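There are 2 protein chains.
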Amino acid sequence: MKYTVTITIRLKEGMLNPEARAIQHALKNLGFQTEDLTTARLFRIRLDAPDAAAARETARQMCDRLLANPVIHDYAIEVE
Amino acid sequence: MKYTVTITIRLKEGMLNPEARAIQHALKNLGFQTEDLTTARLFRIRLDAPDAAAARETARQMCDRLLANPVIHDYAIEVE
Chain A
2 MKYTVTITIR LKEGMLNPEA RAIQHALKNL GFQTEDLTTA RLFRIRLDAP
52 DAAAARETAR QMCDRLLANP VIHDYAIEVE
Chain B
2 MKYTVTITIR LKEGMLNPEA RAIQHALKNL GFQTEDLTTA RLFRIRLDAP
52 DAAAARETAR QMCDRLLANP VIHDYAIEVE
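Protein chains in written order, with my numbering: chain A, 2 to 81; chain B, 2 to 81.
In case anyone wonders, no lab produced these hints; they're calculated from the structure. Predicted model only: the values in this text are computed from it and were never measured. Any given hint might turn out to be false.
[As the list claims (entries may be wrong)] Straight-line C-alpha distance at most 27 Å; calculated DSSO-like pairs for lysine-lysine:
1) B:LYS29 with B:LYS13
2) A:LYS29 with B:LYS29
3) A:LYS3 with B:LYS13
4) A:LYS3 with B:LYS29
5) B:LYS3 with A:LYS29
6) A:LYS29 with A:LYS13
Turn these sequences into a full structure, and let the hints steer you where they fit.
Here it is as structure tokens:
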């Protein structure tokens, strides 16, 4: 069956995110006050799997082996 | 009131996404067959606004003025 998995990868809590700080600063210069800003990457992958649990497991392996760096990233997987 | 807006920015339908193709190729080399893969950027911004509609409008302006390139990007805004 075909599944769409959505993988969200973000920096672990407490990791410095200089990109987010730079964006917050640029927004401030444009007059936008923000209290907090975090960034994340989103991958939407369409794949073939026998069931939803297998699709999730495949996505987990993709994260561990390529998409995420387990030292600095947390990831979340949704299967549709 | 404090709101959290989640902004998802992706390339418009039909735009070439060489990064996604490279990731798909790398996944294939690791033995993962994928049918389609798209990437997006996600910003979660905490801000002060009089109501949810105002928070959404502020997020829209942030996209138009800094975060997204209207020529190549679509964006979606969720307010919590």
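The hints, checked one at a time:
1. At most 27 Å may separate the alpha-carbon atoms for a hinted pair to count; B:LYS29 and B:LYS13 meet this at roughly 25 Å.
2. Between A:LYS29 and B:LYS29 the CA atoms are separated by roughly 42 Å; this puts the pair beyond 27 Å, and the hint is violated.
3. At roughly 23 Å between alpha-carbon atoms, A:LYS3 and B:LYS13 fall within 27 Å of each other, so this suggested pair holds.
4. The hinted pair formed by A:LYS3 and B:LYS29 meets the criterion: a straight-line CA distance of about 17 Å does not exceed 27 Å.
5. In summary, the hint linking B:LYS3 to A:LYS29 is supported, as the alpha carbons are separated by about 17 Å, within the 27 Å threshold.
6. A C-alpha spacing of about 25 Å is found between A:LYS29 and A:LYS13, which places the hinted pair at or below 27 Å, so the restraint holds.
Going through the hint list in order, the structure does not satisfy hint 2, though it satisfies all others.
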